[in-house]
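Peer 1: Please model the entire structure based on the sequences and the hints provided.
Using UniProt numbering, the first residue of the sequence shown is number 1, and each one after it goes up by one.
Beta-carbon label-pair distances, calculated as ranges: (1) Glu343 / Lys132: 29 to 35 Å; (2) Glu229 / Ser51: 28 to 34 Å; (3) Asp319 / Ser273: 35 to 41 Å; (4) Ala25 / Cys332: 46 to 52 Å.
If you are wondering where the hints come from, they were derived from the structure by calculation, not from laboratory data.
Ideal Cβ placement from N, Cα and C applies to all residues, glycine included.
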Amino acid sequence: MKDSELKERLESYLGKRLQGTVEIANMVSLSGGACQENFSADIKVNGGPESGQYQTVYRTDKGASLLASLSRINEFKVCRMAFEAGVKTPEPFWLESDNSVTGNPFYFMKRIQGKATGRFVVKDPSLNKVRKQITQELAENLASIHSVTPEKCKDEKLKEVLNLGQHVSGKTVAQGSVQALRSQLESMDGAYPAMEIILNWLEKNAPESDAVVLIHGDFRTGNFMVNSEGLQGIVDWEFAHWGDRHEDLTWLCMRDWRFGKLNKEAGGFADRSEFYEIYEKASGVKLDPIKIRYWEVMGNLRWAIGCIGQAERHLSGKDKGIELASIGRRACEMEYEAMRLIEESIK
Numbered sequence: 001m002k003d004s005e006l007k008e009r010l011e012s013y014l015g016k017r018l019q020g021t022v023e024i025a026n027m028v029s030l031s032g033g034a035c036q037e038n039f040s041a042d043i044k045v046n047g048g049p050e051s052g053q054y055q056t057v058y059r060t061d062k063g064a065s066l067l068a069s070l071s072r073i074n075e076f077k078v079c080r081m082a083f084e085a086g087v088k089t090p091e092p093f094w095l096e097s098d099n100s101v102t103g104n105p106f107y108f109m110k111r112i113q114g115k116a117t118g119r120f121v122v123k124d125p126s127l128n129k130v131r132k133q134i135t136q137e138l139a140e141n142l143a144s145i146h147s148v149t150p151e152k153c154k155d156e157k158l159k160e161v162l163n164l165g166q167h168v169s170g171k172t173v174a175q176g177s178v179q180a181l182r183s184q185l186e187s188m189d190g191a192y193p194a195m196e197i198i199l200n201w202l203e204k205n206a207p208e209s210d211a212v213v214l215i216h217g218d219f220r221t222g223n224f225m226v227n228s229e230g231l232q233g234i235v236d237w238e239f240a241h242w243g244d245r246h247e248d249l250t251w252l253c254m255r256d257w258r259f260g261k262l263n264k265e266a267g268g269f270a271d272r273s274e275f276y277e278i279y280e281k282a283s284g285v286k287l288d289p290i291k292i293r294y295w296e297v298m299g300n301l302r303w304a305i306g307c308i309g310q311a312e313r314h315l316s317g318k319d320k321g322i323e324l325a326s327i328g329r330r331a332c333e334m335e336y337e338a339m340r341l342i343e344e345s346i347k
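Peer 2: This is the structure:
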């Protein structure tokens, strides 16, 4: 669908829904992920109970969904749940689940300021004075995300979806994650002996979780917006699920998300110990070093398998792109890092 046609359809749809006349201006495509598409849009509503001006981002599906990614409908519900829990994330609204409007479900969310680009976050001079503040804000917001538990979720269907098809309890979170990764690996063409070794180690050393909480699922540099005033919002909730808090805490600290600032283990912008200390204070939970290493190994394996999956999308012809192909070549980096962490654990 052409952008002009999409704009006309949305104006007509919102006019009926909001009981007024709707004008959309400055509708511009934004960079998106592999399975979602975003447009910046200024919306003016004349008349009706929601009359006013809105600076928004329109978010919808694009191409095939990645394994374990949420539908736009469930993503909206998770965003709403996190927003209501006090997490600094763009407020979502105007969800539409009917495909007949634009061809896919969609929703709008409040447009926020800032940039999420990794190299901007870790290197831009404009952030030099606020990186400690950003560290504080991110750790506190992650604690707020993890304050959401299955017991607090009132939507029974969403609660089940966030289990990712597993029976999630404190004793089985790690085991379920290992089983899911093993299934993904077995479905892939070719042999990956290093990944098999890593999986076997994870299976043998699976720890119990202190609690089952809401996991962002992709909490890393590149998925939060910042500017010279600090954190503006956490975005991209498409991989949210119930899990072990250490999953998010170590995903942020993986080597691949430091964008050249390898000495700053927390996302390339902070010391890991500093980030963890703030998180512990905000959450009231003492982190376990053994679980930290375990879930960091798990994260590297998860991303290694993800890289192979991205390359397969290109090679199969489903989504041609040099970026997808190049990401596939990086799987060996995550294999090496996971093996290095395992070796350190047994010294």
